[in-house]
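*Asks:* When you get a sec, could you build the whole thing from the sequences and use the hints?
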Amino acid sequence: MAMLHTVNKSPFEKRSLDGALSHAVNGAAILMIEDGIYGALKGTAISGKIEKSLATLKVYVLGPDLKARGMTEDQVIDGVTVVDYAGFVDLVTEYDKVQAWL
Amino acid sequence: MAEPWEEEEGPVKKFMFVNRKAPYGTIYALESLEVVLISAAFDQDVSLVFMDDGVYQIKKGQDSKGIGMKNFSPTYRALEGYDIEKLFVEKESMESRGLTAEDMIVPVEILSKDELTSLMEEQDVILTF
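As they're listed, the protein sequences go chains A and B.
According to my numbering, the first sequence is numbered sequentially starting from 1.
According to my numbering, the second sequence is numbered sequentially starting from 1.
Some hints here could point you the wrong way.
List time: in silico PhoX-like cross-link candidates among lysine-lysine, alpha-carbon distance up to 25 Å [what the hints assert, rightly or not]:
#: 1; chain 1: A; residue 1: K97; chain 2: A; residue 2: K49
#: 2; chain 1: A; residue 1: K67; chain 2: B; residue 2: K113
#: 3; chain 1: B; residue 1: K59; chain 2: A; residue 2: K67
#: 4; chain 1: A; residue 1: K14; chain 2: B; residue 2: K14
#: 5; chain 1: A; residue 1: K42; chain 2: B; residue 2: K60
#: 6; chain 1: B; residue 1: K13; chain 2: B; residue 2: K60
#: 7; chain 1: A; residue 1: K42; chain 2: B; residue 2: K91
#: 8; chain 1: A; residue 1: K97; chain 2: A; residue 2: K42
#: 9; chain 1: A; residue 1: K67; chain 2: B; residue 2: K91
#: 10; chain 1: B; residue 1: K70; chain 2: A; residue 2: K67
#: 11; chain 1: B; residue 1: K113; chain 2: B; residue 2: K59
#: 12; chain 1: B; residue 1: K65; chain 2: A; residue 2: K42
#: 13; chain 1: B; residue 1: K13; chain 2: A; residue 2: K42
#: 14; chain 1: B; residue 1: K13; chain 2: A; residue 2: K14
#: 15; chain 1: B; residue 1: K91; chain 2: A; residue 2: K14
#: 16; chain 1: A; residue 1: K42; chain 2: B; residue 2: K113
#: 17; chain 1: A; residue 1: K67; chain 2: B; residue 2: K60
#: 18; chain 1: A; residue 1: K14; chain 2: B; residue 2: K60
#: 19; chain 1: B; residue 1: K59; chain 2: A; residue 2: K49
#: 20; chain 1: A; residue 1: K67; chain 2: A; residue 2: K14
#: 21; chain 1: A; residue 1: K49; chain 2: B; residue 2: K91
Calculated from the structure, these hints are not laboratory results.
Fair warning: this is a prediction, and the values are worked out from it, not measured in the lab.
*Replies:* Take a look at the structure:
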C-alpha cells in the first residue's frame, strides 16, 4: 500500500518532515506543500536529509507555494519534482492513501 | 494652531519587534507588520528583527498569485517612509537556510546571535511574533 505523505510545516520549526521521512516505506512519496516547501531547497541545513531520502523515495514539492515564498525551481534539490495543483490531485489519486503530517 | 495633544511630547521607548515565522503559512508575519505600522504612528524608537523562519518574510521575489493570498512583502520596503530603518537579520538563521543579504527585499544589518542578544538587552519593550 503505497502512501503519499504530505508535509505542510517548515522543517526548521516543526518535526513534521522528520515524521514523514521516518514513516515513509514501500514506494511511498513525500509531497511538500505550504511552509513545508522550505524542506525542498538546496544549500540549507536540512538539504542533506532530503538528498539522502531520494535514494528510496519519490519527493515532490508544490510549485505555487515555492513561488509565493520567493523560491524558484532551480533552487529545488535535484531529483525533487515540482508539481502544480493538478499534479497534486494526480498524486492523491495515484497513491492508495494520503497521510498529512501537520 | 496645534491641539494640546499634538504639542505634548510623550515618552519615546525602544521597541523591538522580533519576527520568527515564515510568511503565508500562518498569520503571524502579516499581523506583526500591522503592529509595526501602528507603532510608527506613535513616533517610537523601533527596531525590527528577522530570525529563525522570520528571515523568509523578507525573501526577494515573492509572487503569491498562485496561492490566492496577498503578497505583503513590498510593504517592508515602505517602512523607510515611516522612519523605521533599523532592520536586523540574525546571521545564523540566514545561513542555515542558505540565504544571503542579497536575497533580502530591503537593506538589512546582519547581526550574530550574540550581537542580537546584546541589542535585545537594550530594549524597553520586545514583542515577538
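*Asks:* Hint by hint, note whether the structure agrees.
*Replies:* For each hint, the structure was consulted:
1. Taking the CA atoms of K97 (chain A) and K49 (chain A), the gap is about 24 Å. The hint holds against a cut of 25 Å.
2. For the hint linking K67 (chain A) to K113 (chain B), the alpha-carbon distance of about 29 Å lies beyond 25 Å, and the restraint is violated.
3. Proximity of K59 (chain B) to K67 (chain A) is assessed by CA-CA distance (about 11 Å); at most 25 Å being required, the pair is judged to hold.
4. In summary, the hint linking K14 (chain A) to K14 (chain B) is not supported, as the alpha carbons are separated by about 32 Å, beyond the 25 Å threshold.
5. At most 25 Å may separate the alpha-carbon atoms for a hinted pair to count; K42 (chain A) and K60 (chain B) meet this at roughly 17 Å.
6. About 31 Å separates the Cα atoms of K13 (chain B) and K60 (chain B), which puts this hinted pair outside 25 Å; it is violated.
7. As the CA atoms of K42 (chain A) and K91 (chain B) are separated by approximately 18 Å, the hinted pair is consistent with the 25 Å bound.
8. With a C-alpha separation of about 29 Å, the suggested pairing of K97 (chain A) with K42 (chain A) is violated against the 25 Å cut-off.
9. Taken as a hint, the K67 (chain A) and K91 (chain B) pair is honoured in the structure, with Cα atoms around 24 Å apart against an allowance of 25 Å.
10. For the given pair, K70 (chain B) sits about 13 Å from K67 (chain A) by alpha-carbon distance, which is consistent with the 25 Å threshold.
11. Under the criterion of a C-alpha separation no larger than 25 Å, the hint pairing K113 (chain B) with K59 (chain B) is consistent with the structure, at around 20 Å.
12. Restraint check for K65 (chain B) and K42 (chain A): the C-alpha separation of about 24 Å stays at or below 25 Å, so the hint holds.
13. Restraint check for K13 (chain B) and K42 (chain A): not satisfied, since their Cα atoms lie roughly 41 Å apart, outside the 25 Å limit.
14. This hinted pair does not check out: K13 (chain B) and K14 (chain A) have alpha carbons roughly 34 Å apart, beyond 25 Å.
15. For a cut-off of 25 Å, the pair hint linking K91 (chain B) to K14 (chain A) stands: about 21 Å separates their Cα positions.
16. Only pairs whose Cα atoms come within 25 Å are accepted, and K42 (chain A) paired with K113 (chain B) is accepted, the gap being roughly 24 Å.
17. At roughly 11 Å between alpha-carbon atoms, K67 (chain A) and K60 (chain B) fall within 25 Å of each other, so this suggested pair holds.
18. For the given pair, K14 (chain A) sits about 24 Å from K60 (chain B) by alpha-carbon distance, which is consistent with the 25 Å threshold.
19. Among the hinted pairs, K59 (chain B) with K49 (chain A) is consistent with the structure: their alpha-carbon atoms are about 23 Å apart, no more than 25 Å.
20. Only pairs whose Cα atoms come within 25 Å are accepted, and K67 (chain A) paired with K14 (chain A) is accepted, the gap being roughly 22 Å.
21. Proximity of K49 (chain A) to K91 (chain B) is assessed by CA-CA distance (about 22 Å); at most 25 Å being required, the pair is judged to hold.
Hints 2, 4, 6, 8, 13 and 14 from the list above are not met by this structure, while the remaining hints are.
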